[in-house]
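S.K.: Below are the chains, spelled out letter by letter.
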Amino acid sequence: MSTVTAVRTSGTVFDVRRIRQDFPILAETVHGKPLVYLDNAATAQKPQIVIDRMVRSLAEENANIHRGVHLLSERATKSFEDARAKVRKFINAADLGEIVFVRGTTEAINLVAASFGRTRMKAGDEIVISALEHHSNIVPWQLLAEQVGARIRVIPMTDAGELRMEEYEPLLTPRTKLVSVVHVSNSLGTINPVRDIVAMAHARDIPVMLDGAQAVPHLAVDVQALDCDFYAFSGHKMFGPTGVGVLYGKRALLEAMPPYQGGGDMISSVTFEKSEYNVIPHKFEAGTPNITGAVGLGTAIDYLAGLDRTAMETYEQDLLAYGTERLSAAPGVRLVGTAAEKASVLSFVMEGIHPHDIGTILDQEGVAIRTGHHCTQPVMFRLGVPATARASLAFYNTREEIDTLIAALGKVREIFG
Amino acid sequence: MSDLRELYQEVILDHNKRPRNFRAIAPPSQKAEGFNPLCGDRITVYVRMNGDLIEDVSFEGSGCAISKASGSLMTAALKGRTVTEADSLFQEFHTMVTSPADVPIETGRLDKLIVFSGVREYPVRVKCASLAWHTLRAALEARQDVVSTE
Chain X
260 MSTVTAVRTS GTVFDVRRIR QDFPILAETV HGKPLVYLDN AATAQKPQIV IDRMVRSLAE
320 ENANIHRGVH LLSERATKSF EDARAKVRKF INAADLGEIV FVRGTTEAIN LVAASFGRTR
380 MKAGDEIVIS ALEHHSNIVP WQLLAEQVGA RIRVIPMTDA GELRMEEYEP LLTPRTKLVS
440 VVHVSNSLGT INPVRDIVAM AHARDIPVML DGAQAVPHLA VDVQALDCDF YAFSGHKMFG
500 PTGVGVLYGK RALLEAMPPY QGGGDMISSV TFEKSEYNVI PHKFEAGTPN ITGAVGLGTA
560 IDYLAGLDRT AMETYEQDLL AYGTERLSAA PGVRLVGTAA EKASVLSFVM EGIHPHDIGT
620 ILDQEGVAIR TGHHCTQPVM FRLGVPATAR ASLAFYNTRE EIDTLIAALG KVREIFG
Chain W
34 MSDLRELYQE VILDHNKRPR NFRAIAPPSQ KAEGFNPLCG DRITVYVRMN GDLIEDVSFE
94 GSGCAISKAS GSLMTAALKG RTVTEADSLF QEFHTMVTSP ADVPIETGRL DKLIVFSGVR
154 EYPVRVKCAS LAWHTLRAAL EARQDVVSTE
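Line by line, the protein sequences give chains X and W.
First residue of the first sequence? That's 260 in our numbering, and the numbers climb one at a time after it.
First residue of the second sequence? That's 34 in our numbering, and the numbers climb one at a time after it.
Hints listed in this document are in silico derivations from the structure and should not be mistaken for laboratory results.
Cβ coordinates follow ideal geometry from the N, Cα and C atoms, glycine included.
Take the hints with a grain of salt, since some may be wrong.
[As the list claims (entries may be wrong)] Covered stretches of chain X (in silico footprint by chain W; criterion: 3 or more residues with CB under 8 Å from a CB of chain W, positions within the stretch not fixed):
hint, segment
1, 612-623
2, 629-635
3, 638-652
Assemble the whole structure, with the sequences as input and the hints as a guide.
M.R.: What follows is the structure, given as structure tokens:
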């Protein structure tokens with residue numbers, strides 16, 4: 260057992276004790292025990308500056324955006340559009356028109372399925388996804404496939420939870436109209452080789468969408484370097500608020516796509532005969548958006564920008580290695596998902612004990628984990644487990660918290676003896 | 034603070050490890066499938082009727098300790114009962130697992146099923162305890178669709 264709380268990388272120190280003070284909820288207790296929050300893949304906690312910025316948005320600059328001539332509306336519009344600029348820089352998009360605010364990753368994928376999919380696909384066409392997808396990157400394509408008569412093809416995976424890349428290329432045919440693949444698996448933590456996935460599809464002029472919900476909290480993402488055509492992520496998994504997320508799309512694609520929803524803000528002129536649509540990204544932002552949420556997301560990006568990302572990634576990988584080692588050594592525990600390239604997600608099962616029971620007992624010890632199928636029922640089916648227990652780590656977690664998890668698993672064994 | 038031993042009583046742990054009537058009935062008079070979308074648990078309940086009498090009742094499936102023990106103790110409690118008796122026992126069981134923690138429990142005819150009283154301290158686990166019962170009711174009503182706890 261170790262008490263290392265800081266990791267030194269290239270001369271800088273990732274000081275987790277100081278970082279933890281930025282997140283007020285980490286001082287909470289549950290059932291009389293200090294909270295050990297290991298459910299970050301479900302939603303991440305929020306630093307105080309995000310909370311404060313959202314309060315200020317509501318308390319000092321609440322107005323609708325893009326329409327008022329009054330000062331408050333100007334302020335709100337500026338804050339909202341500043342947030343868009345922060346997002347652009349965060350993922351290194353080429354221009355602001357490529358950043359569409361949505362409710363979250365799910366809505367971003369539904370937007371592409373509805374707008375891009377319905378206009379580009381017809382009977383007999385194919386959409387390639389992977390065995391690791393979250394339901395939100397399966398069901399929108401199934402809905403589309405039913406509507407247009409298209410078919411879904413799936414890149415298979417190994418028992419370790421890695422995509423079988425040799426089986427990917429043969430799936431790319433003249434019938435393939437889109438590839439949509441998860442960047443980092445939420446249930447297993449696998450980091451997919453998305454650069455190769457994109458390059459192989461582009462060699463055949465097939466566009467690629469990436470579900471980045473679990474990637475942005477852990478990895479620096481550069482959409483131009485990845486060269487993906489669409490990239491989707493949620494604010495709440497990257498230390499921002501719920502109810503706001505981002506769809507990145509290449510300009511030419513977004514411009515050619517019809518609107519997703521109709522309403523205010525997405526038009527330039529309306530008569531009862533015909534409406535002219537606004538320019539991107541506004542064309543895809545019908546109705547009053549989640550202004551406070553977008554502003555909060557912008558501040559979460561500021562917060563992440565203030566951290567040493569390299570040191571953070573090294574720290575998380577150290578935590579993952581420590582967690583992997585301790586869980587592997589724990590009696591009766593089997594890790595599920597052992598890809599070589601992984602983000603800090605530890606899915607596991609215990610011999611003869613259902614994950615739901617593990618979750619309840621851990622909760623009594625203050626340890627919050629997720630149990631169940633993690634909205635990835637095909638992954639569970641493929642690996643032959645009905646469910647797993649999942650500890651998902653963020654950069655504010657510590658080795659001591661992993662020790663607490665291991666001790667709590669001892670309690671599980673004690674009860675189920 | 035709630036004590037885990039209240040939830041995971043010895044009887045529950047025993048029935049989880051060695052569930053009674055954990056088998057199919059072939060052919061059953063009626064059967065039904067139950068599903069808890071929260072955790073992905075699935076269960077099938079089989080009944081063989083003799084008139085209004087539940088002559089045999091069994092279950093199969095995968096689930097947590099609470100849902101498995103509940104299926105086990107339910108089937109043990111219902112063999113030889115009438116449909117009306119099963120219904121009223123379900124009512125008593127449901128009241129017990131959903132009543133507020135400060136309300137004294139009416140033991141009534143619950144007998145061994147009283148071991149599930151601890152469940153009411155854990156609201157998210159109530160569905161685990163009641164899945165077998167909901168599925169049984171669907172089987173008795175000979176419903177074809179999969180019942181869900183949602």
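S.K.: None of the hints should be skipped; say for each whether it holds.
M.R.: Here's how the hints hold up against the structure:
Restraint check on the segment 612-623 of chain X versus chain W: 8 residues with Cβ-Cβ distances below 8 Å, three needed, restraint holds. Note: the segment 629-635 of chain X has 3 residues with beta-carbon separation from chain W under 8 Å; the three-residue rule is met and the coverage holds. Only when three residues or more bring their CB closer than 8 Å to a CB of chain W does the claim for the segment 638-652 of chain X stand; here the count is 3, and the claim holds.
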